[in-house]
Amino acid sequence: MSSLHQIRFLLCKDLRVELRKKESLVSMAFFGALILVILNIATGIGKQVDAETGAGILWVAVMFSSVLGLGRVFAREKENGCVAALLISPAAPWEIYVAKALVNFTLMVLSELVLVPVFYVLFGAQLQGTPLTLVPILLLVNLGFSVTGTLISAISAGTRRNEVLLPILLFPLLLPLIAFAVKATSAALAARPFAELLDQLEPMAAFCVIFAVVGYLLFPFAIRED
Amino acid sequence: MTLTNRSSLFAGAAALLMPVAIGMIFFYAPLEKTMGSVQKIFYFHLPLAFSAFLSFFVAFVAGIMYLRTRRQVWDARLAASVEIGVVFTTLVLITGSLWGKPIWNTYWTWDPRLTTSLILWFIYASCLILRSAVEEEGKRATYCAVMAIVGFVDVPIVFFSARLWRSIHPVVIRSDSVGLESSMLITLLVSMLAMLAFWIGLYKFRVSLQLQEAAANELLNPKD
Numbered sequence: 001m002s003s004l005h006q007i008r009f010l011l012c013k014d015l016r017v018e019l020r021k022k023e024s025l026v027s028m029a030f031f032g033a034l035i036l037v038i039l040n041i042a043t044g045i046g047k048q049v050d051a052e053t054g055a056g057i058l059w060v061a062v063m064f065s066s067v068l069g070l071g072r073v074f075a076r077e078k079e080n081g082c083v084a085a086l087l088i089s090p091a092a093p094w095e096i097y098v099a100k101a102l103v104n105f106t107l108m109v110l111s112e113l114v115l116v117p118v119f120y121v122l123f124g125a126q127l128q129g130t131p132l133t134l135v136p137i138l139l140l141v142n143l144g145f146s147v148t149g150t151l152i153s154a155i156s157a158g159t160r161r162n163e164v165l166l167p168i169l170l171f172p173l174l175l176p177l178i179a180f181a182v183k184a185t186s187a188a189l190a191a192r193p194f195a196e197l198l199d200q201l202e203p204m205a206a207f208c209v210i211f212a213v214v215g216y217l218l219f220p221f222a223i224r225e226d
Numbered sequence: 001m002t003l004t005n006r007s008s009l010f011a012g013a014a015a016l017l018m019p020v021a022i023g024m025i026f027f028y029a030p031l032e033k034t035m036g037s038v039q040k041i042f043y044f045h046l047p048l049a050f051s052a053f054l055s056f057f058v059a060f061v062a063g064i065m066y067l068r069t070r071r072q073v074w075d076a077r078l079a080a081s082v083e084i085g086v087v088f089t090t091l092v093l094i095t096g097s098l099w100g101k102p103i104w105n106t107y108w109t110w111d112p113r114l115t116t117s118l119i120l121w122f123i124y125a126s127c128l129i130l131r132s133a134v135e136e137e138g139k140r141a142t143y144c145a146v147m148a149i150v151g152f153v154d155v156p157i158v159f160f161s162a163r164l165w166r167s168i169h170p171v172v173i174r175s176d177s178v179g180l181e182s183s184m185l186i187t188l189l190v191s192m193l194a195m196l197a198f199w200i201g202l203y204k205f206r207v208s209l210q211l212q213e214a215a216a217n218e219l220l221n222p223k224d
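Read top to bottom, the protein sequences are chains E and V. Here the first sequence stands for residues 1 to 226, numbered as in the numbering used here. Here the second sequence stands for residues 1 to 224, numbered as in the numbering used here.
Read the hints as simulated data drawn from the structure, not as lab findings. Any given hint might turn out to be false.
[As the list claims (entries may be wrong)] So, partial list: chain V residues that the calculated Cβ filter (under 8 Å) puts toward chain E:
no.	residue
1	Gln-39
2	Ser-126
3	Leu-130
4	Ala-133
5	Val-134
6	Glu-137
7	Phe-152
8	Val-158
[Claimed, not checked] Below, a sample of chain V positions facing chain E; criterion: calculated Cβ distance under 7 Å:
no.	residue
9	Leu-67
10	Trp-104
11	Phe-122
12	Ile-129
13	Thr-142
14	Val-146
15	Ile-157
The C-beta atom is built at its ideal place from N, Cα and C for all residues, glycine as well.
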């Protein structure tokens with residue numbers, strides 16, 4: 001089987017499990033919406049937030065809800081010793097890496113389909129930009145989060161404190177990506193021209209490329225059980 | 001045995017140089033015109049920052065070497081340098097804040113260098129937490145090696161992203177000139193030397209301690 005086949009096979013397997021149990025998606029969307037409601041209360045009921053605060057709020061909700069789904073991507077494999085099974089299967093480690101990153105990417109996109117509308121309902125009164133300009137920013141963050149997060153979750157799932165360690169290890173690495181995303185999002189929410197966003201989108205794309213390469217190189221070491 | 005001898009050599013050098021450096025800072029280096037005695041913290045701040053970055057670079061190299069060779073000594077080197085790096089970065093942040101309060105009128109500002117140091121602190125402190133969370137030696141070494149490499153790759157990106165915020169950090173040493181009077185420069189060099197000797201001494205002690213710990217574990221729980 002070619003690599004593309006392997007990756008598609010692994011991706012379909014994980015998505016099928018998710019479709020049947022729906023544990024990750026429901027908890028991601030629910031937790032994200034909950035954070036948005038809490039932040040709405042925390043900023044003061046009846047007060048309107050400006051574009052910069054709104055961008056921060058959106059990314060807090062996306063980060064914290066996504067880390068829930070990411071934790072499950074590998075923990076599920078660890079539970080019944082499935083990692084060993086994956087490793088002796090014909091799939092190469094890097095194919096597992098790509099498939100897992102794609103699973104997480106898909107989960108993030110699906111949960112954002114819930115979170116972004118909720119965000120607009122709660123905070124959208126003062127924001128001028130169309131939600132469409134958020135799409136490239138969301139996709140780039142999802143990609144960066146997935147390529148970095150898949151590598152780190154392979155590490156944290158190997159420890160006994162997966163849920164605690166994952167955000168502790170992952171968030172410091174993602175800080176630059178989030179800084180760019182917040183800057184770009186506040187420009188998008190304030191309806192500034194798209195060219196202004198490019199200054200942030202380019203380094204975000206560079207972040208994705210760098211960490212995809214790092215993940216590709218280091219993932220085989222992180223997943224090996226010895 | 002030679003390892004211990006050499007580490008006490010560097011520790012001895014640090015014990016000699018450190019008082020000399022402190023003496024020079026207070027009695028030889030002139031008082032800075034506008035900042036006064038507050039500026040004297042700089043003679044420790046810069047060497048600390050330099051040694052902290054040095055430790056993260058050593059950790060990065062040790063991480064790569066561990067993944068390539070799987071030799072325990074590289075894990076010991078990685079662990080030692082990450083530990084010292086975290087302590088030194090903590091001191092850099094504290095000395096910087098103490099200087100910043102009278103000069104910038106704030107303990108903290110989101111300047112690129114400050115932001116980079118803080119995020120570095122978070123990355124490598126999380127690496128220490130990871131070390132304490134894994135008991136199997138081979139696994140722990142591999143995980144920490146991966147984290148040390150990923151963390152080091154993140155450094156330039158963090159610095160680049162931090163330029164989103166404006167910079168007010170003084171740049172004393174540029175590529176073309178050094179903005180220091182010669183007696184100040186000599187004091188800085190002696191402090192730097194003292195700090196490096198201290199760093200190497202600490203590093204050697206920690207590495208040998210790690211190796212002894214591993215050997216003791218081996219004796220207590222033989223593999224088979």
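Enumerated hints in conflict with the structure, sorted upward | 1, 6, 7 and 10
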